[in-house]
Amino acid sequence: MKQNQKKKVLVVEDEQPLQSALFEVLHSDNIQVIQAFNGEEGLEKAKKEHPDLILLDIIMPKLGGVKMLQELRKDAWGKNAQVIILTNLNVKEKVVEAAQENVYDFFIKSDWDIEEIGEKVKDKLFS
Amino acid sequence: MIKNEIKILIVDDNKESNYLLEVMLKQKGYIVDTAFNGLEALKKIKKDSVDIIISDILMPVMDGFELCRKCKDDEKIKNIPFIFYTAEYITRADEKFAMSLGAEKFIKKPIKPNDFLRIIEEVVQDYQGGKIKISEKKPEEKEFIQKHKEKLAQKLEEKITIAEKINKALKESEEKYRNLVERARDGIIIIRKGLIVYTNPFLLEKFGYKTDEVYGKLFALFVSKSERKKLEGYYKKRMTGQDAPSIYETKLLTKDGTEVEVECNVGLITFQDEKSDLIIIRDLTERKKTEAKIKEYVKEVVRERDKLNTIIHSIGDAVFVIDTEHRVLLLNRVASDISGYTISEAIGRKYEDIFKFVLEKNEKPNIYFVDKAINMGTIQKMANHTIIIAKDGTRTAIADSAAPLKDEKGKVVGCVVVFHDVTRERKIEQMKTEFVSVASHQLKTPLTGIKWFTELLLNGRAGKISEKQKDFLTQISLSNSRMIKLVGDLLDVSHIETGKKFEINKTESDINEIIDQAISDNQNLIKEKNIKIENKIKEAVRTKFVFDKEKIRQVFYNLISNACKYSKNDGIIEIGCGCEIEKGVFRAHCGCDFDSEKEIAFYVKDDGMGIPKKQQEKIFEKFFRADNAIIAQSDGTGLGLYIAKAIVVAHGGSMWFESKENRGTIFHFSLLK
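Protein chains in written order, with UniProt numbering: chain A, 1 to 127; chain B, 1 to 673.
Worth flagging that the hints you see were computed from the coordinates, not collected in a lab. Heads up, some of the hints might be wrong.
To be verified - Pulled a few chain A residues facing chain B out of the computed Cβ check, cut under 10 Å:
id : residue
1  : Ala-21
2  : Glu-24
3  : Asn-88
4  : Lys-109
This structure is a prediction, so every number in the text was calculated from the model and none was measured. Idealized CB from N, CA, C, for every residue including glycine.
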């Protein structure tokens, strides 16, 4: 089914402009972008929607990225969920430790062009 | 028998001896008469009746021998028993001669009183019993005179010899004492009944008098008026046998009336047969001066000590002083408070027992800086991140230094250690780091927004754009990239300075891979100036090493970026490894200690503007930019080399360079193999 083939990407990011930019490069006929503006909302939507990939910011209100990841790994579905960390905080080790081995990649946002991120996500979803 | 009927005549020129015998015999009940020479005795014998004669031999006017002969020659008195009692004529020949004159007994002095009295008793009994027989045989006159003269001459000679001996001894003794007195460096004065009868030359000279100005004068006249009463009191007490000080201080007057403080030591002596005061006088002027000086000096020392104490205790920092044996000589209250030991507990003990300086990371003792200050004689800084463990185990972060203490000859005699509690600074530092970290994140977020939307525009996501629009958007993008880089550098500096979050994660990686990345990241600059990059490492035998990929990439990026910025158009940048060519020069130049056995060196060489010589020393300081660099290129924060060096040092390597203005620069750095 066409609907079933469409991939889901959950973007957990508190910054509206960054959400918008990511939405711009990611949403397409075969990618559905789900937006969450804090960890709490992200965790809730992840458990409900079971996205194919989660793009996760670290510093966010209510629930931070590391905490959200820890909570997610406790969930039956969540413990194998695919995650790309997208942050400006250089705390790679800390995050990898919290996420165990299932973090696909770690991007420092300001180091990357938006199109490159889009490419990486598509690679992950369709390769 | 009735003793008191017996009358004994004692003949002796010595009063005491005469008296002694008189008392002794009277006690026994005899009647006693005395005479002091032979002639007097003879007159008494002839005038009154006498029962027994006891006579000395050596006497003036008429001696005992003469008396005996005269008695025995006189019919009337020849039956009176005659007893010689002598201390001088004691030889057998003397006794023989005496007995030949008709004496009854010859008693030699000394003799025990009882024995003497027993002999007298025997003679009395014989006399009363008529047993005394007078020898009729008497020496001839001529013989007597000759023998008598011989005896006298012999005795006289003996007496003279003895007298001479005594005189000589006396003379020597007197001379000895005179010398002592005359040469003494103390004043000596003899006073009899208040009058001066002798002074030694030293005293006269000292006080400026001549002999006749002093002798026979009242001693009181030479004593300061204020002191006369006191001395008079002492004198009276001494004369009446009361306790009076034999040593006292007083004031005497010199001839010109000056008062001189002296110490008198008084003793009672017999001088010219009379009791006198001998006073030894010592001038106290010098001693008083010295005492006053010492007093003043002590006062000064106390004042200085108080001043120093006040200063040391007022200092907000902890201060302590040790000697070269490391014993604590001094510490202030702050030092006492931080260490937990009281000042009295700490003084005299080894400082290592009181001030336990350890390194924060492993709590190993940190005494190196104190030892170095003492051994090198120069001020030494404490290592960073030193803590002190107090008596109760409290740990306090501290900082500061040790300075050698030198004596006037420049010899190190100890060390002053100054330190202060940096707990507050550390907290502030930590807050600063956290602030910078959060701030940089917060800055990066909007910058990322700008970056991404500029890219979206440039990529035509919002529709087709004109060439001019594209140019403007590119400028926004470049400016934004610089801003992001600057924020990143600031974050790195903050991490380097606090030592936190500046971790090296080493993995084995190919050096060429990261060099390629670094070149690619600088592509804009390289293209702009048409710079040719030659990477010699491509040909190297070994290209894989263990290092932090991300950080070493940053080092190459910063060095290549600098090389590009300060190169002319069409410049050549060479990247390579090895340090053969310039090794010696570089080592001497920057004090680096490259060890080719253990380390591998890389270099980035340009043929650009170079670094002015006078500014070369400062090149690794943060925010430093050379004058010519500022003129040539406005871009740059002065953080690139600072960060690059810190990364290399954190890898255990070092970084150094050589540069000539207008000729170019080579930056080297080493990594452990």
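Status of the hints after comparison with the structure:
At a threshold of 10 Å, the smallest CB-CB gap from A:Ala-21 to chain B is about 4 Å, leaving the interface hint in force. Against a cut-off of 10 Å between C-beta atoms, the interface hint on A:Glu-24 holds, since the closest Cβ of chain B lies about 6 Å away. Annotation: A:Asn-88 was flagged as interfacial toward chain B, and the flag holds, the nearest CB pair being 4 Å apart, inside 10 Å. Interface hint status for A:Lys-109: upheld, as the beta-carbon distance to the closest one in chain B is roughly 5 Å, under 10 Å.
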